[in-house]
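S.K.: This is what each chain is made of:
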Amino acid sequence: MTLKYTEDHEWLKIDGDTATVGITVHAQDALGDVVFVDLPAVGTSFAQKEVAGVVESVKAAADVYMPVSGEIIEINQALKDDPSLANSDPLGTGWFFKVKLSEKSQLDALLDESAYAQFSKDA
Amino acid sequence: MSATDPILLTTPLHDLHVELGARMVPFAGYAMPVQYPAGLMAEHLHTRTAAGLFDVSHMGQLRLVGVDAAAALETLMPVDVMGLPAGKQRYGLLLNDDGGIIDDLMFVNRGSDIFVIVNGACKIGDIAHIQKNISARCNVVPMPEMALMALQGPHAVNALERLAPGVEKLVFMTGGRFTVAGCDCFLTRSGYTGEDGFEISVHESQADTLARALLAQPEVKPIGLGARNSLRLEAGLCLYGNDIDTTTTPIEANLNWAIQKVRRTHGARAGGFPGAEKILAQLDNPSLLERVRVGLIALERIPVRDHAELQSMDGAPIGDVTSGLLAPSINQPIAIGYVKPEFATIGSTINAIVRGQPVAMQVSAMPFVPNRYFRG
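Listed in order, the protein sequences are those of chains P and A. Sequential numbering from 1 applies to the first sequence in this note's numbering. Sequential numbering from 124 applies to the second sequence in this note's numbering.
In case anyone wonders, no lab produced these hints; they're calculated from the structure. Idealized CB from N, CA, C, for every residue including glycine. Treat the hints loosely; a few may be bogus.
Listed next, the stretches of chain A that the computed footprint assigns to chain P, with coverage defined by at least 3 CB atoms under 8 Å from CB atoms of chain P [said to hold, decoys possible]: (1) 150-162; (2) 237-246; (3) 425-433; (4) 485-497.
Produce the entire structure from the sequences given, and follow the hints as far as they go.
M.R.: Next up, the structure:
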């Protein structure tokens with residue numbers, strides 16, 4: 001399983017031709033206490049960079065972008081019920097949705113851990 | 124920060140904020156703490172249950188000196204200034220000639236002067252406006268050397284009276300001079316959270332000492348601007364620039380209570396302020412209003428934010444949201460907005476459009492969270 005990152009501060013855990021997507025530690029820290037998430041419907045397909053959801057703290061709302069093209073195959077209902085999971089466990093139980101990849105080659109252009117660490121430090 | 128950002132001013136508490144781990148953001152030209160490590164939610168709830176200390180030194184402080192000062196200030200505001208007894212504080216509104224709100228402010232009759240506190244983002248314009256219009260009648264003295272902090276919450280009085288016995292005798296919207304932890308302060312029992320509490324004006328040279336003395340009290344934690352905004356919205360209080368501005372009149376903004384009887388039609392000093400004709404006409408004949416400010420509570424747990432369009436249940440545009448967030452104390456989305464008057468009845472249901480979808484909201488009385496002012 002490989003971990004990749006986007007410049008929109010999302011992470012992807014890749015397992016074969018599916019990926020689990022969430023927001024990074026940096027993203028949840030910048031947002032503050034997450035109070036609301038809106039997740040896409042299972043079965044919906046999005047192109048890369050399309051807005052697939054929303055994550056909101058008291059002070060701000062941020063779009064959740066589709067990090068790669070594909071179809072939503074599962075969403076994290078536990079996160080919808082308790083949005084604070086995005087703060088307390090952003091890389092684990094605070095995941096957002098799972099995608100069936102339609103263009104696997106898009107993964108090559110995503111950031112690896114050290115590239116993202118550098119990117120978020122400069123951001 | 125990029126090289127194109129303007130240089131930010133700092134308040135006298137800047138080093139303390141950094142030491143406390145605050146996240147600093149640009150606000151009204153200043154680097155200000157938006158939150159501390161505890162985070163907005165914890166800071167908000169701490170203020171509602173104990174006491175929070177806010178640095179609001181970005182706000183403008185000035186004093187008006189001279190026997191004619193109260194009468195002069197009355198020419199700029201639809202408010203009873205001359206009738207305000209010594210030691211008392213009142214809410215005021217600077218108006219333009221169309222009756223639009225240039226700024227909202229607080230003023231205190233201190234006996235020897237009128238002490239005025241205005242919004243940080245407006246202070247340069249406000250002071251210029253006041254000087255231009257009334258400096259022939261009184262001395263307009265800006266006080267950039269003064270810091271301002273607010274201590275808010277149900278336990279604020281316990282923390283403060285330990286350092287300054289006697290402050291507990293002040294009631295809501297009164298003020299006086301006190302020595303707090305060795306610092307010379309002018310205190311008022313007022314604030315912007317809906318809670319009991321105090322606003323404290325102190326010389327910049329003593330601000331750090333005073334803030335540390337307050338933070339050393341067990342009830343008190345530092346609170347950032349993020350929680351300041353959610354607290355004031357729960358209290359139903361307007362944020363200048365969002366909920367009121369130069370295009371809104373006090374009557375549209377439902378601030379009728381701020382216009383005392385003496386300045387209204389048939390009052391002893393009726394009119395005589397900028398935009399009086401329009402404002403008194405709106406006050407006397409509400410059917411002239413095209414929109415009015417209301418409180419809104421969403422019926423689903425979907426936050427509704429500034430600029431969301433408001434529609435009638437049959438889809439006609441009727442207004443927009445000017446402030447909105449998920450209220451930490453009641454865990455429900457709340458908002459302030461403007462609607463056509465026929466939709467302003469408390470209890471009626473309208474839709475806010477969020478990401479293209481309607482979210483039902485009920486027109487609600489404000490405050491959303493009961494005020495807990497100390498009235499003696």
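S.K.: Each hint needs a verdict: does it hold in this structure or not?
M.R.: Going through the hints against the structure:
Closer than 8 Å: that is the beta-carbon criterion, and the stretch 150-162 of chain A has 3 residues meeting it against chain P, so the requirement of 3 holds. Coverage of the stretch 237-246 of chain A by chain P is violated in this model, with 0 residues showing a Cβ closer than 8 Å to a Cβ of that chain against a need of three. Beta-carbon proximity to chain P at under 8 Å applies to 3 residues in the stretch 425-433 of chain A; the threshold of 3 is reached and the given coverage holds. Coverage of the stretch 485-497 of chain A by chain P is violated in this model, with 0 residues showing a Cβ closer than 8 Å to a Cβ of that chain against a need of three.
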